[in-house]
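A.B. asks: Line by line, the protein sequences are chains A and B.
So the first sequence is residues 1 to 524, counted in this note's numbering.
So the second sequence is residues 1 to 89, counted in this note's numbering.
You may find that some hints are simply not true.
With a Cα cut of at most 20 Å, we get these calculated EDC-like pairs of lysine to aspartate or glutamate [to be verified]:
id: 1; chain 1: A; residue 1: K354; chain 2: A; residue 2: E397
id: 2; chain 1: B; residue 1: K8; chain 2: B; residue 2: D51
id: 3; chain 1: A; residue 1: K179; chain 2: A; residue 2: E275
id: 4; chain 1: A; residue 1: K415; chain 2: B; residue 2: D39
id: 5; chain 1: A; residue 1: K444; chain 2: B; residue 2: D39
id: 6; chain 1: B; residue 1: K8; chain 2: B; residue 2: D28
Honestly, the hints are just simulated from the structure, not real lab data.
Just so we're clear, the structure is a prediction, and the values are computed from it rather than from any experiment.
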Amino acid sequence: MRIDRLVTPFARTSPEHIAVDGPGESLTYAQLDQLANRFANYLCAQGVAPGDRVGVHVPRGARAIAALLGASRAGAVYVPLDPSSPPARMKVIATDCDLQHVVITPALLSNWLAAGVCAPVRHLYLVADGSTPTPPAGVILHPWADIAAAPPAPAVAGSDSPDDLAYLLYTSGSTGTPKGVMISHRNAMAFAEWAAQAIALTPSDRVASVAPFHFDLSVFDLWSTFSRGATLIIVDESTVLSGRRMLDRIHAQTITVWYSVPSALMLMLDGGGLEERGASSLRVVFFAGEVFPMRHLRRAMAVLPQARFHNLFGPTETNVCLAHALPGIPAETETAIPIGQPSCGDSIAIVDEKGRPVADGEIGELLVDGPTVMLGYWNGGQPLPARHPYPTGDFVERRPNGDVMYHGRRDHMVKVRGFRIELAEVEAALTQHPGIREAVAFAKEGHLVAAVLPSDPGLSVLAVKRHCAARLPPYMIPSDVRLLPHLPRTTSRKVDRVAIQTSIAESIPSSPKPPAEVATERNP
Amino acid sequence: MNEDLIRKTIHDYIVTTWLSGDERDFSDDADLLQAGILDSFTTLNLAAFLDESFRAALDPAEINPQNFRSVNALARTVLTKLAPSSTIP
Chain A
1 MRIDRLVTPF ARTSPEHIAV DGPGESLTYA QLDQLANRFA NYLCAQGVAP GDRVGVHVPR
61 GARAIAALLG ASRAGAVYVP LDPSSPPARM KVIATDCDLQ HVVITPALLS NWLAAGVCAP
121 VRHLYLVADG STPTPPAGVI LHPWADIAAA PPAPAVAGSD SPDDLAYLLY TSGSTGTPKG
181 VMISHRNAMA FAEWAAQAIA LTPSDRVASV APFHFDLSVF DLWSTFSRGA TLIIVDESTV
241 LSGRRMLDRI HAQTITVWYS VPSALMLMLD GGGLEERGAS SLRVVFFAGE VFPMRHLRRA
301 MAVLPQARFH NLFGPTETNV CLAHALPGIP AETETAIPIG QPSCGDSIAI VDEKGRPVAD
361 GEIGELLVDG PTVMLGYWNG GQPLPARHPY PTGDFVERRP NGDVMYHGRR DHMVKVRGFR
421 IELAEVEAAL TQHPGIREAV AFAKEGHLVA AVLPSDPGLS VLAVKRHCAA RLPPYMIPSD
481 VRLLPHLPRT TSRKVDRVAI QTSIAESIPS SPKPPAEVAT ERNP
Chain B
1 MNEDLIRKTI HDYIVTTWLS GDERDFSDDA DLLQAGILDS FTTLNLAAFL DESFRAALDP
61 AEINPQNFRS VNALARTVLT KLAPSSTIP
């Protein structure tokens, strides 16, 4: 199966059923199918050839989706570009994948041109009417009216192979340099099909679109939804910033399926009124991307007793490779939930530093193989094929019943004063405090630092330390605790660890001196 | 140097160094071990601070959990170290 073949079957059987709902514009299956064809035909007429990259720099909504689908139907590889990314990052991405064609809104185009990031771009396709500055010489601007007037008939049939590259998702990686993860149609559909089946998705389902399109959570939102003829409800960016407005949208749109990072659900719990108002339409809650603090997970599950919660796990490189459907609210004694068992037809291995399988109950690195593992990294057009099995860099442990438990990232394992510390363990202990909503731990110049987002304004640093001292060995107690009014987030809304570390490092006025220096001062 | 000033100096040092300047909930009676402040590293650091600030060089035997249990305990420890010298004119 290929992504570009979705939608059309429902355009025939249920043409009037809503495929994408708002904001501002809704499209039926017939309309989405036709608009995608118009994009495909128009792009082909401009010389877009199979395998060419087409950037889609459009806020989440009906036209962005038609553009993604249209590019795919033209045989191209779509590249979702984050509307909130700085121009410098866009330039790196455009250069890396030789992006000659970009679908864009008039407003975003103005930003682009002002920042001068047109590098390899030769064609700009507007998805709406609007005045724009004149692009530089050699760049052709295609008005929306021309695209909307392109033939709505199916585009020339391209390749049938599910192994073609479908899209590139640029991830930050630990280095901060964007890396283009190459996902084939087979990769994407292995997850989309598995997820649709796992929750018995039907045309009457109303699936929330919360995740940005450049973030892999959106693969479910788009392609699982369209594989079953369901309706996608766009929860736009400004709504996602407010727990109350998100909850309003769930109520108003009777959303049945929700997939987001845990922090979006926590926003609805703290300040969104979820505990008072509930959300009776929700029948499925998928979460991924971060560890869901247990206390908040229990709260969410208690107020949504009708919803089935699923913990999905996997890096962008493998999409979802493990899944765990929670059988019920975890007991108070449980300190973590499993990331589950292999899903989507994938298989896993857990190995030590030398690549030897570890026994059940021992911690090792997670390796994944199977249909969801990416083709490779784009790497400036000289793809680096994925290693098989793919080493995720995640530390896990398998329990005797087959459930896999998460023990943090390889790059979140630090050494402080000789002690090996798993930062996830420190963070889990911190978030057990009822006055702490979220916490991030990291090592800085030989010290363990914790950035804490309190849910209780009365929370003191001393209270945080006492809480840690009662739960953690002394070497795992953060020596530097910072209470922050908010935690910076990445555009995929995960907590931005790099930004937190940078801002705290800049604000450290007097970090305690290591004993060696103190000793030197005493005995010069 | 009077006891109040010693106490305040130690109190302020701990608040600045290990509590990110947040004084809330922190009393001079607070148990530093239970507060997650005291460990082998911070104990050495505190001992060095007492030496630098008050010329109160502690013997290894004096660096024990009892003397370091709270700001009050630390202040008393410093006073006992200072007592003999302060009587010298």
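A.B. asks: Which of the listed hints are broken here?
C.D. replies: Going through the list in order, the structure violates hint 3 alone and respects the others.
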